[in-house]
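Engineer: Sequence:
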Amino acid sequence: MTRMGFVGLSLAVVLAGAATVSSAEAGCRRAGGVATMVTYDLAVFMANAALKNSISDHGERPSGPVQLKCTDDTLTTTCTARRQACK
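In numbering that gives the first Met the number 0, the protein residues as written are 0 to 86.
One thing to keep in mind: the hints can contain errors.
[Unchecked claim] Simulated crosslink set (DSS-like; lysine-lysine; CA at most 30 Å straight-line):
(1) LYS51 / LYS68
(2) LYS86 / LYS68
(3) LYS86 / LYS51
[Claimed, not checked] Computed Cβ-Cβ distance ranges for the label pairs, DEER-style:
(4) ARG29 / THR77: 26 to 36 Å
(5) PRO64 / MET36: 14 to 24 Å
(6) ASP72 / GLY26: 18 to 28 Å
(7) LYS86 / THR38: 30 to 40 Å
(8) LYS68 / ARG28: 16 to 26 Å
(9) GLY26 / THR75: 29 to 39 Å
(10) ALA48 / ARG28: 13 to 23 Å
(11) LYS86 / TYR39: 12 to 22 Å
(12) LYS86 / VAL37: 31 to 41 Å
(13) ASN52 / GLY26: 35 to 45 Å
Worth flagging that the hints you see were computed from the coordinates, not collected in a lab. Every value quoted in this text rests on a predicted model; they were computed, and no experiment measured them. Note that the Cβ used here is the ideal one computed from N, Cα and C, for glycine as well.
Using the sequences and the hints given, assemble the complete structure.
Structural biologist: Right under this line is the structure:
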């Protein structure tokens, strides 16, 4: 197989894989919720509640694990919860 043929075949396989992934997740999105509270536990709880409300308000169902990221400021903690949500 010539080098150009191999490159062309590789490109076709990559594009076909990308089309499959994008069509499979066409009805899905990354939902998120953010909360800034005085304590860490409250920030986590409220971020998860905001995420749950965001998903239910759009008529979607959760899919996959929740990803949580928290940062401590001087007097508060800010948490962001993200999760895949599908129609």
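Engineer: Does each hint hold? Answer for all of them.
Structural biologist: Each hint tested on the structure:
1. LYS51 / LYS68: Holds, at about 16 Å.
2. LYS86 / LYS68: 25 Å, holds
3. LYS86 / LYS51: OK: LYS86 and LYS51 at ~14 Å, within 30 Å.
4. ARG29 / THR77: 26 to 36 Å: Because 18 Å falls outside the window, the suggested range is violated.
5. PRO64 / MET36: 14 to 24 Å: 22 Å, holds
6. ASP72 / GLY26: 18 to 28 Å: 36 Å, violated
7. LYS86 / THR38: 30 to 40 Å: Check passed, 35 Å falls within 30 to 40 Å.
8. LYS68 / ARG28: 16 to 26 Å: 18 Å, holds
9. GLY26 / THR75: 29 to 39 Å: Given a distance of about 36 Å, which is inside 29 to 39 Å, the answer is holds.
10. ALA48 / ARG28: 13 to 23 Å: 19 Å, holds
11. LYS86 / TYR39: 12 to 22 Å: Violated, at about 33 Å.
12. LYS86 / VAL37: 31 to 41 Å: Once the Cβ atoms are compared, 36 Å apart, the range 31 to 41 Å for VAL37 and LYS86 holds.
13. ASN52 / GLY26: 35 to 45 Å: 20 Å, violated
Hint compliance for this structure: hints 4, 6, 11, 13 are not met, and every other hint is.
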